[in-house]
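The numbering used here applies: residue 1 is where the sequence shown begins, and numbers increase by one.
Rather than coming from a laboratory, the hints here were simulated on the basis of the structure. Incorrect hints may have been included.
The calculated lysine-lysine pairs, modelled on DSS-like cross-linking and capped at a C-alpha distance of 25 Å, are [to be verified]: (1) Lys29 / Lys268; (2) Lys96 / Lys29; (3) Lys268 / Lys209; (4) Lys220 / Lys41; (5) Lys48 / Lys96; (6) Lys2 / Lys96; (7) Lys220 / Lys209; (8) Lys41 / Lys209.
Computed Cβ-Cβ distance ranges for the label pairs, DEER-style [said to hold, decoys possible]: (9) Gln150 / Gly91: 33 to 39 Å; (10) Arg225 / Leu8: 40 to 46 Å; (11) Glu155 / Leu95: 33 to 39 Å; (12) Val194 / Asp114: 30 to 36 Å.
For each residue, glycine too, the CB sits at the ideal point set by N, CA and C.
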Amino acid sequence: EKATVHVLAHALHYGSGLFEGIRCYRTPKGPAVFRLPEHLKRLENSCKVYRMAIPFNRDELTRAVFDAIRSNDLEECYIRPIVFRGFGTAGINPLKSPVETVIAVWPWGRYLGDDAIEEGVEACVSTWRRAGLGGSPALAKATGNYLNSQLIKMEAVSNGYAEGIALDTHGYVSEGSGENIFIVQDEVLYTPPVSSSILPGITRDSIMKLAGEMGFEVRKVAIPRGMLYTCDEAFFSGTAVEITPIRSIDRVPVGEGRPGPITRRLIKEFLGITRGELPDRHGWLSPVPAAVEQTAG
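Just need the whole structure built from these sequences, with the hints factored in.
See below:
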């Protein structure tokens with residue numbers, strides 16, 4: 001009941017919030033958070049872009065994440081740290097508004113549907129474009145950036161699709177409304193570069209590592225829209241969607257219209273590691289301590 005935000009908070013009026021999406025997985029050894037240090041580092045970097053000093057250090061944020069999970073008796077959950085500007089003075093200038101930090105946790109299943117990972121989803125190319133590199137920087141996970149994402153998502157859902165795919169200002173493939181995208185052509189994985197106005201995803205990075213270990217080439221290159229219709233496989237990646245196959249784009253079947261073999265291999269490996277069924281050879285999992293620690297603030 002004390003988790004309140006002032007109606008004149010700067011973030012509410014001007015979108016001055018930076019956040020992360022993180023997953024905690026149930027494993028045989030207890031709950032574990034996926035790539036927590038990397039997510040917190042990205043949060044810090046996002047805040048740097050907007051000249052926002054987080055009032056807690058990395059260790060304090062880590063303990064707070066663990067505290068939130070244990071305090072809510074969750075074995076598996078989604079984690080949302082958000083740093084935002086509260087109420088200081090009215091007006092666009094944010095520098096006199098206090099910086100506030102909140103960490104929320106809640107159970108969250110399959111983002112694009114219960115059978116999305118097994119069956120794949122139908123997607124469309126959105127009429128809305130991602131902002132150019134000289135506008136709002138896509139590499140910062142800022143709340144304001146997601147106004148564009150909402151337009152992409154609402155258009156897709158209104159037209160009967162699970163998700164939309166945005167192009168960048170030059171017409172190359174960018175990303176989904178809240179996910180990165182990969183396509184597979186002749187056993188080579190392609191994913192848009194940072195210059196295509198994408199958020200550099202941590203799950204995206206994980207997939208590139210896993211694919212390389214499997215012997216597949218991964219290319220970060222500008223992808224023309226036409227390749228979406230001719231590729232052998234396609235999938236979204238991200239904390240919420242994990243790895244979700246795309247079975248059709250604009251009603252054109254991707255490959256055979258079902259999850260392809262490389263996508264299925266990546267899903268099996270990724271979920272095997274995150275769920276503790278395969279060795280965590282990269283040290284990606286941070287086990288949640290059994291005892292709840294008291295954090296500052």
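Hint check:
{"no.": "1", "hint": "Lys29 / Lys268", "in the structure": "19 Å, holds"}
{"no.": "2", "hint": "Lys96 / Lys29", "in the structure": "45 Å, violated"}
{"no.": "3", "hint": "Lys268 / Lys209", "in the structure": "14 Å, holds"}
{"no.": "4", "hint": "Lys220 / Lys41", "in the structure": "22 Å, holds"}
{"no.": "5", "hint": "Lys48 / Lys96", "in the structure": "16 Å, holds"}
{"no.": "6", "hint": "Lys2 / Lys96", "in the structure": "23 Å, holds"}
{"no.": "7", "hint": "Lys220 / Lys209", "in the structure": "13 Å, holds"}
{"no.": "8", "hint": "Lys41 / Lys209", "in the structure": "19 Å, holds"}
{"no.": "9", "hint": "Gln150 / Gly91: 33 to 39 Å", "in the structure": "25 Å, violated"}
{"no.": "10", "hint": "Arg225 / Leu8: 40 to 46 Å", "in the structure": "43 Å, holds"}
{"no.": "11", "hint": "Glu155 / Leu95: 33 to 39 Å", "in the structure": "35 Å, holds"}
{"no.": "12", "hint": "Val194 / Asp114: 30 to 36 Å", "in the structure": "32 Å, holds"}
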